[in-house]
Amino acid sequence: MAAPGKAYVFINDRVEGYNLIKSKVNGGAKFDKLNSHIYNTLVMAGQLIVVGDEANPTITPDEQEMVRLAYGTHHSLRQTMGDLDGLVVKNYDMLQKILGYSSVGIGSATGAWENHLKGIEKTLQDIERLHQLALKRGTPIARQEFINQRRVLFAKLDGQLEGIARYGTGMHNQGSIKKMLGISTKSYLHTQEVRGYTERLDNIAKASRLMKAGTLIGIALNAYSTYLEIEEACSMGREELCTQVKFIEGAKLVGGLGGGYVGGLAGTYVCFIVLGALSGPGALACTIVAAGVGGFGGGLIGENIMEIVGTKLYGWSDGNGH
Amino acid sequence: MDIKTWWAFSNAGALFINIFWNIYFLFVQLPKTEALLHDANFIVRFNNFFGNSILGKHAKIHAIAMVAMMPKRMQRLGEVSHEAYLRIPTSLKVHILAMYFFMCVNMLGMTCFYFVFD
Numbered sequence: 000m001a002a003p004g005k006a007y008v009f010i011n012d013r014v015e016g017y018n019l020i021k022s023k024v025n026g027g028a029k030f031d032k033l034n035s036h037i038y039n040t041l042v043m044a045g046q047l048i049v050v051g052d053e054a055n056p057t058i059t060p061d062e063q064e065m066v067r068l069a070y071g072t073h074h075s076l077r078q079t080m081g082d083l084d085g086l087v088v089k090n091y092d093m094l095q096k097i098l099g100y101s102s103v104g105i106g107s108a109t110g111a112w113e114n115h116l117k118g119i120e121k122t123l124q125d126i127e128r129l130h131q132l133a134l135k136r137g138t139p140i141a142r143q144e145f146i147n148q149r150r151v152l153f154a155k156l157d158g159q160l161e162g163i164a165r166y167g168t169g170m171h172n173q174g175s176i177k178k179m180l181g182i183s184t185k186s187y188l189h190t191q192e193v194r195g196y197t198e199r200l201d202n203i204a205k206a207s208r209l210m211k212a213g214t215l216i217g218i219a220l221n222a223y224s225t226y227l228e229i230e231e232a233c234s235m236g237r238e239e240l241c242t243q244v245k246f247i248e249g250a251k252l253v254g255g256l257g258g259g260y261v262g263g264l265a266g267t268y269v270c271f272i273v274l275g276a277l278s279g280p281g282a283l284a285c286t287i288v289a290a291g292v293g294g295f296g297g298g299l300i301g302e303n304i305m306e307i308v309g310t311k312l313y314g315w316s317d318g319n320g321h
Numbered sequence: 000m001d002i003k004t005w006w007a008f009s010n011a012g013a014l015f016i017n018i019f020w021n022i023y024f025l026f027v028q029l030p031k032t033e034a035l036l037h038d039a040n041f042i043v044r045f046n047n048f049f050g051n052s053i054l055g056k057h058a059k060i061h062a063i064a065m066v067a068m069m070p071k072r073m074q075r076l077g078e079v080s081h082e083a084y085l086r087i088p089t090s091l092k093v094h095i096l097a098m099y100f101f102m103c104v105n106m107l108g109m110t111c112f113y114f115v116f117d
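Sequences listed follow chains A and B, in order.
Take the first sequence: its letter number 274 is residue 273 in numbering that gives the first Met the number 0, and every next letter is one higher.
Take the second sequence: its letter number 114 is residue 113 in numbering that gives the first Met the number 0, and every next letter is one higher.
Treat the hints as calculated values from the structure; they're not laboratory data.
A hint or two may mislead.
Claimed, not checked - Mimicking DSS-like on lysine-lysine, the simulated pairs with C-alpha atoms at most 25 angstroms apart in a straight line are:
1) B:Lys-3 with A:Lys-117
2) A:Lys-121 with B:Lys-56
3) B:Lys-56 with A:Lys-245
Stated by the list, open to error - Which residues of chain A face chain B? A few of them, derived with a C-beta cut under 10 angstroms, are:
4) Ala-54
5) Phe-271
6) Val-288
7) Ile-307
8) Thr-310
9) Lys-311
Yeah, the Cβ is synthetic: ideal placement off N, Cα and C, and Gly gets one too.
Build out the structure end to end from the sequences listed, making use of the hints.
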């Protein structure tokens, strides 16, 4: 709680979390009331922060005037920002959580998608090889053989691209596979290459790489945000607050990642139970969604739980625990 | 300590036990179980689909847990033969069931914590 005293207002000089500002000024319940327009958001530089007299629970006319000014500033700042920026800032916490926890779950589930995409890549390479061979041989018998083999490969590719399984390949529903790949024997003979083939492969490779990075991005985001919180708390020169933040934020990071992992695991298991066994694009899609939802839920709750544990551990280490 | 803190500590403890138990099973028990179920359809399919990745290992554990929990359904689906099912020792089935039961209880405990105290 803030010490009793006169209410004042200050300009926030850099972008930082609401809770951190609140802890810096030792704000209490009244601080939340006075700054309700920025409550639990990422506070932009230039915002006015009202610090009231915590000893007096009622809002005085002076404080009311300060809130009016702060709200006006907040409104102007929001208008000057783009819609998207505003949305990101307003929902910063939520977005960070979604990116952080879900990607832990989704990252592991998308490993399966990556393999699926690699399978498509291999079929495409087989089609390309087949075209090259057919061109070299050129006899009527070889041509019939080529058409038969290509039909088999097209059927395989068709199965691999069924429904949701198309995502990440850059191949959308454009009718026949020949049309989708830009293949016709005539055009192939003319240009000696499958039109757009390289582009397709690039798309697939890019999607695979992104999916592989999912888990790492999630962990890195969480770890970096923890690092920032600790660094900010420690740069203020208050050793007590610095240690406290280290305990709490460290525990939250562990809880978030651990909860995300087990939640993702439980989510994918639900898919196994519901769908019998993991096979086909439907099961794959279910796994990815369930891993994302499970990972997010588990991470969120794990973070809440470990926040309490971290606070208690800090209390014990400090000699104030009960 | 109040009930919320107790609950938080027990959930956190259970979460870590869960993670380490899973990792232990992943690297120690899974290869043994896989050797016992070498002819099961899902083992062959998952090995082809996932390779030897961590996700593949998890997928195989999930499927093995399903065999332990609902053997008849998995046999009906043609995923595992009756002979292969009989090859799994009872102790291993109990181990898998206990691990999954613990995971479900842990998740349930965490979910209750969230809805009761938040």
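Exercise. Are Thr-310 (chain A) and chain B close enough, Cβ to Cβ, to be under 10 angstroms, as the hint says?
Worked result: 9 angstroms, holds
For this session: Double-check Val-288 (chain A) for me: the hint is only fine if its C-beta lies closer than 10 angstroms to a C-beta in chain B.
Result: 15 angstroms, violated
For this session: Answer holds if the nearest beta-carbon of chain B is closer than 10 angstroms to that of Ile-307 (chain A); otherwise answer violated.
Result: For Ile-307 (chain A), the interface hint holds, since the closest Cβ of chain B sits about 4 angstroms away, which is under 10 angstroms.
For this session: Take the C-alpha atoms of Lys-56 (chain B) and Lys-245 (chain A), compute the straight-line distance between them, and say whether it is at most 25 angstroms.
Result: Given pair Lys-56 (chain B), Lys-245 (chain A) is violated - Cα atoms ~34 angstroms apart, limit 25 angstroms.
Exercise. Going by Cβ atoms only, is Phe-271 (chain A) closer than 10 angstroms to chain B?
Worked result: With a closest approach of 5 angstroms, the Phe-271 (chain A) hint holds.
Problem set entry | Satisfaction of hint between Lys-56 (chain B) and Lys-121 (chain A), Cα-Cα up to 25 angstroms | 23 angstroms, holds
Exercise. Should the hint that Ala-54 (chain A) touches chain B count as held when the rule is a Cβ pair under 10 angstroms?
Worked result: For Ala-54 (chain A), the interface hint is violated, since the closest Cβ of chain B sits about 27 angstroms away, which is over 10 angstroms.
Exercise. Is the interface hint for Lys-311 (chain A) satisfied, with its Cβ closer than 10 angstroms to some Cβ of chain B?
Worked result: This hint holds: Lys-311 (chain A) lies near chain B, its Cβ roughly 6 angstroms from the closest one there, short of 10 angstroms.
Problem set entry | Pair hint Lys-3 (chain B) and Lys-117 (chain A), alpha-carbon separation not exceeding 25 angstroms | Given that 25 angstroms is the threshold and the Cα spacing comes to 48 angstroms, the pair is violated.
In this structure, the hints that do not hold are numbers 1, 3, 4, 6, in rising order.
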